[in-house]
Amino acid sequence: MSQVFMHIFILLLVPPLLLGVIGKTKALFGGRKGPPLLQPYYDLIRLFQKGTVFSTTTTWVFRAGPVVGLATTLLAGMLIPFGGHGAPVSFAGDMILFAYLFALGRFFTASAALDTGSAFEGMGAAREVTFSCLAEPALFFCFLVLAKLSASLSLTTMLSGTCPLGTGVEAPALVLVAASLFVILLVENSRIPFDDPNTHLELTMIHEVMVLDHSGPALGLIQYGAAMKLFVMGSVLLRVVAPFAAPSAWADWGLFILGMLALAVVIGVVESAMARFRMVFVPTFLVAACLLSAFGVILLLR
Amino acid sequence: MISILKWLPIHNGVRYPQAEIPCLDGEVFRSSLIDAVADEAHVSAFFGRLSDAGDGVELVAVVACRDDGNFRVARTRITGESFPSLTSACPQVHLFEREIAEQFGLRPEGHPWLKPVRFVKSLRPGHDAWGRAENEPPQIGVTDFYRVEGEEVHEVAVGPVHAGIIEPGHFRFQCHGEQVFHLEISLGYQHRGVERMLRGGPDKRTLHVIETLAGDTTIGHTVAYCRVLEGLSACKVPSQAQGLRGVAQELERLANHTGDLGALAGDIGFLPTSAYCGRLRGDFLNMTAILCGNRFGRGLVRPGGVAYDVDAADLADLLQRMDNTLRDVTNAVNLLWDSPSVMSRFEDTGRVTKETAMEIGLVGPAARASGMECDIRHDFPYGIYRFSQIPVSTGQTGDVFERAYVRWLEIQRSGEFVREQLKMLTGGAIRNVPEPAAPNSFVVSLVEGWRGEICHVGMTDAAGRFATYKVVDPSFHNWMGLSMSMRNQQISDFPLCNKSFGLSYCGHDL
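Chains as they are written, first to last, in this note's numbering: chain W, 14 to 315; chain X, -13 to 496.
One thing to keep in mind: the hints can contain errors.
Some but not every residue of chain X turned toward chain W, in silico, with C-beta under 8 Å [stated by the list, open to error]:
#  : residue
1  : Asp21
2  : Glu138
3  : Val139
4  : Ala143
5  : Val144
6  : Pro146
7  : Ala149
8  : Phe167
9  : Pro258
10 : Ala261
11 : Trp323
12 : Ser325
13 : Ser330
14 : Arg331
15 : Ser478
16 : Pro481
Calculated from the model, a selection of chain X residues having no Cβ within reach of chain W, i.e. all distances over 10 Å [unchecked claim]:
#  : residue
17 : Arg63
18 : Arg104
19 : His156
20 : Gly255
21 : Asn280
22 : Gln375
No lab work stands behind these hints, which were simulated from the structure alone. For every residue, glycine included, the Cβ atom is placed at its ideal position computed from N, Cα and C.
Make the full structure from the sequences, and use the hints.
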């Protein structure tokens, strides 16, 4: 039972730290000191203390967007094993629920954006939906490879480390899956080179432009949910790349968090070293991610 | 080309009696202007003024003929309420004609897109090109916009309030999905009435108004203005002052080009260059502060020379800083050209062909990037540039990459120039206070600011006061270039194209 509490505790508290690490890494590459590691927490506290302004043209859909977005992410986080510990909720086929919980969250975020009637937000919603419908098959091909390797349809077993990277015939397939998952991680969490979470240029935004009209606690929920989404998807990637287990349960939690922070550093390095892709090329990269994971499936079918 | 011979050839910054400006018949004026532009001349200024007799409006045009290094000027008197538009035969005057229509209530007949420029009232009460009532002041931005009709065409309106800290401007995109068919830009939000304030000058305020015409081009505009005054009073500027003005102008160019390259990198999320160039821009500004105590060069350039001299310690300090900063800029900027992800964004984005650039009369780095060899420092040299030449940096493709790369070439050349000039400053007088301006005269002064050609025209009355003072900021020529560069581009590339032009709103709105 304590492991379940630990899981929830980490899921609720650690995600903003990832953003802090990414920010610090980028600042170091830019020759700056950068904001403190805990800045994302301060931002969230600040936002939750603010009032909210709702446009008179919006309906309940607009208010539901941030709440549903956070709730679905939270639920998805309960389906994923953190480190060597099993997920609190686990059943055969939970990977499909996992994928469509995010889809539900996205549906509500996009609907909330359309609800404002703003040209920008409609544009952002169109982009988000286009890109995620290309990212979805890639994710399912990845799950297919993992399911085949572990002969299971439950995420806990699929990510339990029964198929360590770098050994045996399944290694090439797993390398392809890891690459594909990394692309999905960057796209779904609007990171450079696919999107720029820090830009102020409305016309270039994908995810950020959809939430332009949210303010105060609602915006806080969205940012908190975004950090959590990064954390949850990152932990899937981490389990594929480094399915190690430490001897004791507590050391295992520590190892897991260290692994997640290392992943944040990697994302920070990628963001520092690359410029954003031209938006017309984003679908090309997503199709490439699909092909990578599809090849992974083919490799296992031999 | 024969007909242009009727125009008065003039030199950059030299005084001529106003009576010498030939007053041409409307048709001759029109055909000679069209002929000259067809022969690759550039319209530097085209403006109206109330005629001295007070009975009508006269239109004055200043044309830059690069082939023989002369400007030519002529005027024509308009008696009615309209005149035949030149725009369809000579597109680069389109905005000048809109400005004339707005300011004097004269209708350019046949203008394809006659709209207000800054949404101000006509200078002649009772005359309005759009027939608006006298008691209804124009509402800024309230006008018809170009629309593309169609089932899947949608309109995106951006501004005048933007998400970033930039000046206000309104942009209307006609889009088909992510593709832009047409962009229309509507400005005027920064209009302060500069030309009206300058009339009746020079007085104590004039210099301060000029220094803030466009805050990032303080040196450029102030040099242009001081050269008008020096021309009007035939004042000689000491060589030390010329050298210091040259250094200040190039430092302004260095600071802004460096800042723009950093901003271009920032727009595509390329952090290293963005972060370093932001800091290095400040280093160049600090060098300007060593010259005069102000980072943007306010208070440095004064009629007849400059206000502050440098001593040997300053020079050594400046040279040292110059070496360090240029080294850092080289490292930061070369990262751009060495990163495939950056080049894939820059290349082939926002292309403006040389033909289009010449047609709409682009100036400055944007024009040079499209392959036009135009640079006032080279074509119509003034001040220190008569003695120390700077090569013209041009590109070919006219895309975002080329506009960025031309800036980089100019950074290198300006850096060399500043180092050379700092070593040649030998001391001596820095200022000859000019006499009062000559009456009934005029001076055309052109300066190559960092954005391009800055044109100031001063015309004095019988008392030696400015009867007309015309300012043409390079942005006035170049905003149309941004519109053209967005044709058939992705709307998500707009910020990048916008930054690659780096235009001023207040310089346009005045």
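Evaluated hints:
Interface hint at Asp21 of chain X: violated, since its Cβ lies 42 Å from the closest Cβ of chain W, which is beyond the 8 Å cut-off. With its C-beta approaching chain W no nearer than about 12 Å, Glu138 of chain X sits outside the 8 Å limit, and its interface hint is violated. Checking Val139 of chain X against chain W: minimum C-beta separation of about 12 Å lies over 8 Å; hint violated. A distance limit of 8 Å between C-beta atoms decides the matter here; for Ala143 of chain X the minimum to chain W is near 7 Å, and the interface restraint holds.
Because the smallest distance between the Cβ of Val144 of chain X and any Cβ of chain W comes to about 7 Å, under 8 Å, the interface hint for this residue holds. Interface restraint check for Pro146 of chain X: the shortest CB-CB distance to chain W comes to about 13 Å, outside 8 Å, so the restraint is violated. Taking 8 Å as the C-beta cut-off, the interface hint given for Ala149 of chain X holds, the closest approach to chain W being about 4 Å. The criterion of a C-beta within 8 Å of any C-beta in chain W is not met by Phe167 of chain X, whose closest approach is roughly 15 Å, and the hint is violated.
For Pro258 of chain X, the suggested interface contact is upheld, since its CB lies about 6 Å from the closest CB of chain W, less than 8 Å. With a least beta-carbon distance of about 3 Å to chain W, the hint placing Ala261 of chain X at the interface is held under the 8 Å criterion. With a least beta-carbon distance of about 12 Å to chain W, the hint placing Trp323 of chain X at the interface is violated under the 8 Å criterion. Interface restraint check: Ser325 of chain X against chain W, minimum CB-CB distance 6 Å, threshold 8 Å, status holds.
Interface restraint check: Ser330 of chain X against chain W, minimum CB-CB distance 7 Å, threshold 8 Å, status holds. A least Cβ separation of about 6 Å between Arg331 of chain X and chain W falls short of the 8 Å threshold, and the interface hint therefore holds. Using the Cβ-Cβ criterion of 8 Å, the hint placing Ser478 of chain X at the interface with chain W is satisfied: the shortest such distance is roughly 4 Å. Annotation: Pro481 of chain X was flagged as interfacial toward chain W, and the flag holds, the nearest CB pair being 4 Å apart, inside 8 Å.
Non-interface status of Arg63 of chain X relative to chain W is upheld: no Cβ of that chain comes within 10 Å, the nearest being about 46 Å off. Residue placement check: Arg104 of chain X keeps its beta carbon more than 10 Å from all beta carbons of chain W (closest about 25 Å). Look at His156 of chain X: its CB is around 13 Å from the nearest CB on chain W, clear of 10 Å, so calling it non-interface holds up. At roughly 4 Å from the closest C-beta of chain W, the C-beta of Gly255 of chain X falls inside 10 Å, breaking its exclusion from the interface.
The beta carbon of Asn280 of chain X is kept farther than 10 Å from every beta carbon of chain W, the shortest such distance being approximately 26 Å. Gln375 of chain X, annotated as away from the interface, keeps every beta carbon of chain W farther than 10 Å; the closest lies near 36 Å.
Of the hints listed earlier, those the structure fails to meet are numbers 1, 2, 3, 6, 8, 11, 20, in rising order.
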